[in-house]
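**Student:** Sequence:
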Amino acid sequence: MVKDRFDRAATEGELAPSTDTAALAAFYVAVMQRLSIQARDSVDRELLEAIAAAAMNAWLGTATVDRRSES
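According to this note's numbering, the sequence shown is numbered sequentially starting from 152.
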């Protein structure tokens, strides 16, 4: 399901057409799974938020359009 959304984003120009959508999807699924495990194990919330922020910064590096400035 995540890969399908990334495929659509690449088709619609939200991601570069050369984006390896399978690898990108696997990366974000791995991040989500690891965050879930760490949250279950009572890892500090600030660390979990820092990991999520790093993942989102990686995401911003793959986008072709900066959507953060949209209202």
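If you're looking for bench data, these hints aren't it; they were derived computationally from the structure.
The beta carbon of each residue, even a glycine, is placed where N, CA and C say it ideally should be.
There's no promise every hint is true.
Stated by the list, open to error - Pairs of lysine to any residue residues, derived as SDA-like cross-links and limited to a Cα-Cα distance of at most 20 Å, are as follows:
hint, residue 1, residue 2
1, K154, Y179
2, K154, T172
3, K154, A209
What the hints assert, rightly or not - Derived CB-CB ranges, DEER-like:
hint, residue 1, residue 2, range
4, D195, D171, 25 to 35 Å
5, D192, A167, 18 to 28 Å
6, R159, A181, 35 to 45 Å
7, R196, T162, 35 to 45 Å
**Student:** Quick one: which hint numbers does this structure break? Sort them smallest to largest.
**Tutor:** 5, 6
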